[in-house]
Structures are given as structure tokens and as C-alpha cells.
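Work the whole structure out from these sequences, hints included.
Number of protein chains: 4
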Amino acid sequence: MDYKIRTDLALEVRESFPEDDVEIKGVILTEDIDEENKIRISTVEIKDEAGAQAMGKPIGTYITIEAPDLDNSSEDYHKPVSDLISENLRKLTGKLNRDDVLVVGLGNREVTPDALGPQVVDNLFVTRHLIREYGEEFRQRNQLGSVSAISPGVMGQTGMESLEIIKGVIQETNPKLIIVIDALASRSVSRLNTTVQIADTGISPGSGVGNNRKALNQESLGVKVIAIGVPTVVDAATIVADTLTKYMESTGFGQEDIFKFISEVNTRQVYNMFVTPKNIDESVKKISYTISEALNSCFSGLVLS
Amino acid sequence: MDYKIRTDLALEVRESFPEDDVEIKGVILTEDIDEENKIRISTVEIKDEAGAQAMGKPIGTYITIEAPDLDNSSEDYHKPVSDLISENLRKLTGKLNRDDVLVVGLGNREVTPDALGPQVVDNLFVTRHLIREYGEEFRQRNQLGSVSAISPGVMGQTGMESLEIIKGVIQETNPKLIIVIDALASRSVSRLNTTVQIADTGISPGSGVGNNRKALNQESLGVKVIAIGVPTVVDAATIVADTLTKYMESTGFGQEDIFKFISEVNTRQVYNMFVTPKNIDESVKKISYTISEALNSCFSGLVLS
Amino acid sequence: MDYKIRTDLALEVRESFPEDDVEIKGVILTEDIDEENKIRISTVEIKDEAGAQAMGKPIGTYITIEAPDLDNSSEDYHKPVSDLISENLRKLTGKLNRDDVLVVGLGNREVTPDALGPQVVDNLFVTRHLIREYGEEFRQRNQLGSVSAISPGVMGQTGMESLEIIKGVIQETNPKLIIVIDALASRSVSRLNTTVQIADTGISPGSGVGNNRKALNQESLGVKVIAIGVPTVVDAATIVADTLTKYMESTGFGQEDIFKFISEVNTRQVYNMFVTPKNIDESVKKISYTISEALNSCFSGLVLS
Amino acid sequence: MDYKIRTDLALEVRESFPEDDVEIKGVILTEDIDEENKIRISTVEIKDEAGAQAMGKPIGTYITIEAPDLDNSSEDYHKPVSDLISENLRKLTGKLNRDDVLVVGLGNREVTPDALGPQVVDNLFVTRHLIREYGEEFRQRNQLGSVSAISPGVMGQTGMESLEIIKGVIQETNPKLIIVIDALASRSVSRLNTTVQIADTGISPGSGVGNNRKALNQESLGVKVIAIGVPTVVDAATIVADTLTKYMESTGFGQEDIFKFISEVNTRQVYNMFVTPKNIDESVKKISYTISEALNSCFSGLVLS
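Residue numbers (our numbering), protein chains in the order written: chain G, 180 to 484; chain B, 180 to 484; chain W, 180 to 484; chain D, 180 to 484.
Any given hint might turn out to be false.
Unchecked claim - Lysine-lysine pairs mimicking DSSO-like chemistry, simulated, CA-CA at most 30 Å apart:
no. : chain 1 : residue 1 : chain 2 : residue 2
1   : G       : Lys425    : D       : Lys439
2   : W       : Lys464    : B       : Lys393
3   : G       : Lys464    : W       : Lys464
4   : G       : Lys355    : G       : Lys274
5   : B       : Lys439    : W       : Lys425
6   : B       : Lys439    : W       : Lys439
7   : W       : Lys464    : G       : Lys258
What the hints assert, rightly or not - Chain B residues, not near chain W, derived (Cβ > 10 Å throughout):
no. : residue
8   : Phe196
9   : Glu245
10  : Gly273
11  : Arg318
12  : Lys403
Because the hints were derived from the structure by calculation, they are not lab data. Everything numeric in this text was worked out from a predicted model, so none of it was measured. Cβ atoms here follow ideal geometry from the backbone N, Cα and C, with glycine treated the same way.
Below is the structure:
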């Protein structure tokens, strides 16, 4: 195994640069605080190839909503978070949000931290079939977007790449916008189930719990792709490496020695492991509901009282 | 609602003709008995348009395996039934069974009697991704068929027709044979969860628990489609009509009066209802496992001891 | 099988008396209409043994909330229904509602129409362990009731009567009030998933989808038992009998002939069948959520915005 | 957090002693190899208080079956493992195995690695209710044991300790033997989902994924308790500590320094995390089936072909 810190959050990649307050060429970081609800909204814009190279992520905009109370709060709290997701989604979708949208819930519904995508789809209010049955007039009157949704499963269940399934579905149903929901890996335990990343770049290989899937983006799918992700796991190798690095640095070792040692201790076995909290079932249930509400309000046009 | 007896079993359509031992033009019925296991295998062949018209089903071969002990038997019993399914599948697939196969599990996994298809897919041994990873030599050595599988969900969950999803997946992955698994409606309560129909005609509209889906067959999909179905429900309107007919005939009414009356009593509400046994969870679990084993042995080439 | 119309709703028993506007001795029926939300609240009070005999139900109060739009309405509608359940629950619990409550979700979570009880328990906010950990002061400050909950499963899964499991749990944990949630059988298809019955009599044998369980009431459990039930199925034999009766009466037959005939046509097989709507998954999910909210607000003291 | 290596396997505690081949007073380790199936059976007997103290585990017998191929093998392999579980169970149950047995599936069915217990119970063939219905003669003729089963859920779902629920059930149903199934934590990643521990000591506090439950043993329950456990997780703090220790030892630090440092780096957050493999769903499904088969054959008397 190559030694590599794994995170799917652009914000954490940005934070990993030692020169924290120094500008990285081609990367703009802005920040907004919702004081009342203790929510921080950070936007990482990767503007050019230099920025993409430095960050190891494609050019695009990555909005991160951090709501530290999300995991243990009561249901009251999910409304402002859900509203913020909607609002930021709209920034990235532009005018597309009342158009034909396909929501894709990636991941394995049988593995709790990977079930985020399928659970969001389960709570979604799909409308495409209603519009096809009752017509355009019905759509206008109710100001509905046309929402369809699929949970394609994982390769071990289907024998197919998610990319293949979704490409096929797009060819047949012609959505104008794809929203991909996925469970992510973060570097920091404290971000698990409290952070939502919205990116207009789609999904890159190596993201999430099931980490060898192919890219799902405008290039591979031919349609604009917005990804919504929530970190639900930390890579086991990453947690070990982070702790060791902290220690070895404190005892005066150089980067090279540290990398070499970590590559040795992180065996192949640890590589296929992830770290997840004990209350992961409740956390995934709550946050998938929050995201579904945001999507319902943003795309279906369903207004809940 | 039109008054119409609903069954998805060709055998039951054939039985509904009063002239039971009379030949129907264009329809051949043959029968085989496995005495030891008390299993009856009936084959209805619809040879031409006249037969199709008479039967209200497309031209093709419908094999029905009736295993009355299947529902309450121990696990020992599932092996001979599974073997019979394999054997009869091979009759209909011809040489295709070691080729590239896509198994489609129709139905709604949240509604127990409609979960047959998804449950079969859950137990399947898919191999397509392994073959793509390890190559043709690996396939030859292990004599594997290439099996992929999908449970497309139902329109209320996805906003899309199953047909659209499957067509798209076929375009991307090019299987040579489609196996569609679906929960059916039978006319007779005693056939529920004890009968398997295998047909080389695919799925016609109006089948199963979710009965307004479009046809899935060679014409609509461009690939040979074999359907495997198990009756798990009886249409509520059918059970009412059957009982009333029995009674009214016994009191001397003519067909026309009977039809007229039944059309009145079967309200719109009954039309969206189905009848299912109380132990449906156990029954569906067992028979979906039996079918998965048949598919694994027939297509993946997986031999279980 | 004995011919017997099966309903678990006291209101339907009351309606089955031909002399609809005549007083039945020992039974008082009152009615309330919430015009705005089109909800009807009926109260059947069985005052004495004569009434109990006439009704075939134990002495007690049965409140029925009929909300015909509940099944296909949006989420806005669940709030007034949930509030009405809370309000009527409080009438029957008296001062007990902030005391130690055990909620029991009867039924089989693997059979969709029988999963109501377990799904209500899944959505419940339990507090007993928090109060035991953080103490009485914490309870007072947050005005929490002490809520515990269990889904005991069904006899085919556990080998035990629900009564045995619940009695044991009561002995160990000493709740002052039991709330039992159960899926019921109604006579009328139109009441499925739109009606909630709250009764201070507990559960009688023969109720629900799994209909041979023992009584769960103050007598058998030693604690006050309030039952909340929603009809999710109609007995298949009942639907057949109702239709036949309607027909035979119209052709001039007497009750005795009708009973005799129906006993013949309703075979043993139909006896173990139930009728349920095709969208039962969505209906049960919605109404179980509505009931959970009512219980959370009534017992845990959880106030949702 | 106290720094403490967490493992629920007596074998791993024994291995943690540096003097590996030296006798520990009061502890006997024996070993058996099934060459054909590459299975190792180790027995740790803790004979007295001295041994219990040294091991940090109660006096009793701990049998560990290690089947390294269990996780990725085909179904053929589960039979010999299942037979070994049965055989070793019988050693610990003595003559009780055809008596009245209650199987308890601990854990949270919503969290994949903690779902082992509930999934074993789901696959179990329970017989107690059949014996009560059909009588002792039926039991003798079929040589059935009386098996009942319950999955009590976890405290966050029920508000009750598992101990309270089980004690209550025992009082009402009087089983003579309790079998408790639980997901365990191991120290070694390579033992996950490939190892089964059978112990006649019951369950101690601090075991499993949900690690603050009370002891379930003869003392607390009044009946003999045998525990069957499978490690499905590694404690995140343990994996970090193990790696650090390895490193610090290699650079010449003493135990005390190591402990001190690890206590610092393992923050509170890591303490509530566990490490689990990505294919945990498949692994838990397979091994829970293997254990159910062993229990069915050992207790119900169900013989599968």
C-alpha cells in the first residue's frame, strides 16, 4: 500500500497545508459563520490547473457546511441545516433546480456508514412519473421539478460499475442535472456525521467507503453533476498514520523517515478497514433525512410546513 | 373497473377453459410428474396467434413447477426444486447459460410479497466484475458465466419505469440474456409460494403485485428475456369474483348476469388490494433462496456441495 | 372455520347493528367532527356486561380517529392527526402520562402490514436509561417522562407468547402504564391506514394480523394497558363474506342460509389470508411516524417545533 | 480514558503475555488443529482466582475456533465450521442441549458489525411454541429440543438494560440454559469474522461493540449461560495503541513512557470509534448463518441434509 492520507473533503486537504494562512496559488478559501446555529460554511474554489495539482482535486467549487451539533441535536436543529444545504445547492445548480433532476444514492445499504446515499433516496419525493402521467399543466400548477432517483448498489452486489448503470439510465431518461449522494471519508473524527460537502465537480475515484469506483462527473456522464457527501468514516490507515506522525514529529524525526515507517506498519489488512462511531445508525438516519428534505425543497418544489 | 379474472400463470388460464380435456387450437399442454418429490411440471406451449388470442398471453413456452410442500417443508426439499428450476431454465436458455447474463429483480423490497425479485438478487453470486478484473483465462479455468444483477425498484420509488432503467443498463453492459424475476398473481390460493413459472416470453404488462409496468421482452429490450415468476398474491377482486361466481352458478344464473353483478360489487377500492398469506415473510425468504441457488448453479457455474 | 365477521374496531361492531340509530343497552356512542381537517372522532363507551356481551368486546372506552386523507396526504397533515392522538391518549391515561411508560410494538417487522408496532418503536424517543443515568433532577428540569420500549416479535420468531415476554419485562422494570401498538383488521377497505383506535381495554385475543395472541390487559399484566391500533388489513374471509351477503340478501335469502353457504365457501385456506393495499409500505411508514410523534409529545415530553 | 488494550478473546489475552511459552499459574492452554480444513481450535481454561486475575477474565473455559478462510470461502466451507461449533458447544453444555434453551441475540441490528446476534436469531429454528402446542409426545417423536429466542435490542432503542429484559423473560419461561450471541472486539484485524469463541462464563461487562452492558452470567441470571462470540470490530484506540507501541518499543522506550503517551493521543473521540472491514455485511451474514446452523443442529435437533 502507498502511504497516503485519505480524505474526501477539499477543506481538509486545504487544512493539511502547513502554511495555513498563506495563499495557495489557484485556490481561494472563504468562510461564513451562522452564529445563531453555530454552523460554519467554508467555500474552497479551485480555479486552475495549478490549484488542482496542489490540492489533488479537480477544478471546481466545494462548499462545506459544518454543524457540530448535528449529530446529537434534536430534530429542531435539522431545519436550519437543511435550509443551508438547499441554499448552497441552488448556488451551484443555478437555474437547473426546477428542471429534470436525477438523484443517485451511491453506496451499500447493507453497511451502515455506506447507506447514506440509499437512505436519502428512500426519503425522497420523486415526481417524474407523476408529471409524465398528469402532464405539463399539472407540473406548472404545482411548480414541481421533475425528480427521479436510483440507488444503483455496489459492484459486489451488481457486478457492474455504478458508472455503467447511471450512464444507461441517463441515456434513457435524459435528466439535465445529476445529484450524487455519497458517504465520504474524512481525516478528522470530529467531522463525522456533522459535515456536508457540496461540490460541482461530481465524484472522483477513491471517494467514500467503497473507494474504487470510477469518476462520476460531467466528463463521464455528459450532464452536470453535483455531489453531496457526508463523511461517515475515517480510513483506519489514516487514523494510525496521523497519530504516529504526531508522535514521531514530536521526537524529531523527518518526514521521510515517518513516511517510510508508516508504510511498513500499515499492512494490507488495515487498508481495507474503516473507523466509524458506535452510534452510526442514528447519525446516518438523521443526516440522510436532513439531506432528503433539502433536496425535496430544492428540486421537487415540495414545501413542508 | 372491468371485470377480469387476473392470473399471471399460463397454466391457470389454460385451466379456466371449461372444455378442460378438449384441445385448444394453437396451445399444447404437456405434463410431467416427479413422484418422489410430489412435484408436477406442466408445459404450456402457445404456438401461434390463434393460441395467443385464446390464452390472452404471448406466443412462447411457459413451464410451471408445482411443489405443494415447498411452503412448509424443511430445507432438504429446496434442493430438488432448485435442480428442477435449473434444468428447465436450461431448456429455455439453450446454449446461452454460460454467456453474459443480467438478472433483474423486479418489485418493491419494502412490500413483503413483492420483495421476491430483490431478495433473489440479494442472494445471487455475481461474477461479471470478477471476470473483468481477472480476465478471460480466470473465467475459463473456473468455468464461470458472467452474471450481473440489478433490482431497479418500483416507479413510486424511482420516478422511472423499470423498462427505462433496464434498457439503459443493457446498452451500457451488453448482456446476451436477461433473466427477470417477479412476484406474480395467481387465481388460486393454494398455488401461492409453491409454484414457479418459467417463460421465454419475458414479462407482460399487468403482471405481478405492481401491475402497471410495461412489457419487458425481446421486442422492448432487444435481447432474449426469460421470466421466472412465483405467485405470492391473489388479486382481491379475483377472490371475491371467484367465490360469487361459484355461488351464482349454483343458483342458476347465466354468465352475463354474473359478470354484471360482480362488476358492481368489486369497487375501485378492492381493485388496489391483494390477498396474501400471513406467513408471507418466511415463504418469500425460502423460495427466493431456492431460485437464487438455481440461478447460481445455472449461470455463475457455482457448484454447491 | 366458524363463520364470523372479523373486525378489531369497536366502531365497526357498533355499526354492524342493523338498528343503527337505536340505543344499544350499555353502549354509548358519541361523535365529534374536526371540520377543518375532515377528521371524525367517535367514542364508543361500553358501560356494563350487557354492552360487552352485545358488542363482543370488553367494557371500556374506544376512541376512533378517522382521517380519510391520511393515506395520500403530504406531511403537513400528520401534525393535526398526531395532536388528536396525543389529546385523546391523555383522556385515557389521566395523570399517568409523565410517569414510567413502557411502549410495546406488537407484530412482525418482516411482514409489511404487521410492522406498524415495531416501526412506531423504531421512531420513539426513549428516555428511561437517560433518567437512570442522569438522575431525577435531570428529569425534572427537562420535564421528561420515563419511556422504555420493546418490540417482542411474534411467536414464530421467538417461540414465546408476547404476553410472556412483556410480563417478564414488567416485573423487572416496573412501568406504571403500558401502551401497546398493534396492526388491526377492519371490515372496511376504506378504513385501512386512515383510522386510529385508542382503547383503555388493552388487546384482546384474535386481534391484528397475527391473530392468536393472548390478551394483554390490566388483568393479565397487572398494570393499566392502553392500546393504539391501526387497521392495515381486512380479513380475506370477511371481504368474501361481506360481498356474498350483500348479494344473497338482495336475492331474498335469509340469514341462516347465508351463514351456511359462506361457511362452506370460506375454506381453511382463505382463513389464513389477509387483504392489504398495494402501497402498504408507504402507508405504514407514514402512520407509524404520526403515532410515534404523538407518543413522543405525550410521554417523553419532547416538544418538536 | 484509561489506556487499556481491548479484546474480548481470552486467547488474545493469553497471547499478550510476553512469556509466551511459559505457564501462567491457573491458566491452561491446549490446541488442536484440523489440518484438512485449516482450522485451529484453542482452549483456554482459567482454573482459579489467580488465573482469573492474571487474565482479567472470569474462571471458566474459552474455546476459540479460528477458520481463516471463513470470510472469503464459498458455502462449502461453512459445514465443517458449523460442525465444530456444534461439537464444542456440546462439550460445554453437557446434557443440557436437548433441554429448554433460550437463545439471546445481543446487539443492534441497525449497525452492521453489531447485527451478528439478531441475525443469528433470525435464522434460528425455534420450537418452544410448537412443543407447547403439540405436546411432549410430539417432542419425543421428533427428538426436538425446546428452543426460544429473543433479540432484546440495545439500550438506546429500548431504554432498558439487556439484563433486565432477559431476566424478565427467564422468570416467565424458565429455560434451563441460555445461549448468548454477541459481536466481539478483537485486537487483531486478521481475526475479524474468522474466529468464534465459545465460553461457559457468559458475557462480561465491556464486551462487544456496545460495550457498557452489564454481565450476563449464571450469577446475574440464575441459569447456566454459554456465550458465543465473533470478533467483528477492533477498538479504534487499540489499533492506534498497538501500532504506536510497536514503533516506540523499536526505538527503545520503556512501557511506562509508552502508556503515558498513548493515553494522551487517544482522545475521548477515538474511544467511541471502532474499526471494521469494508465487506462487513457479507461477513456477518455468512458467519451468522454458520452459527445458526450449529445451534439448529445442537439444540432444535433439526438435521439438515
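Hint check:
no. : hint                 : in the structure
1   : G:Lys425 to D:Lys439 : holds (15 Å)
2   : W:Lys464 to B:Lys393 : holds (27 Å)
3   : G:Lys464 to W:Lys464 : holds (14 Å)
4   : G:Lys355 to G:Lys274 : holds (11 Å)
5   : B:Lys439 to W:Lys425 : holds (15 Å)
6   : B:Lys439 to W:Lys439 : holds (25 Å)
7   : W:Lys464 to G:Lys258 : holds (21 Å)
8   : Phe196               : holds (23 Å)
9   : Glu245               : holds (15 Å)
10  : Gly273               : holds (36 Å)
11  : Arg318               : holds (37 Å)
12  : Lys403               : holds (30 Å)
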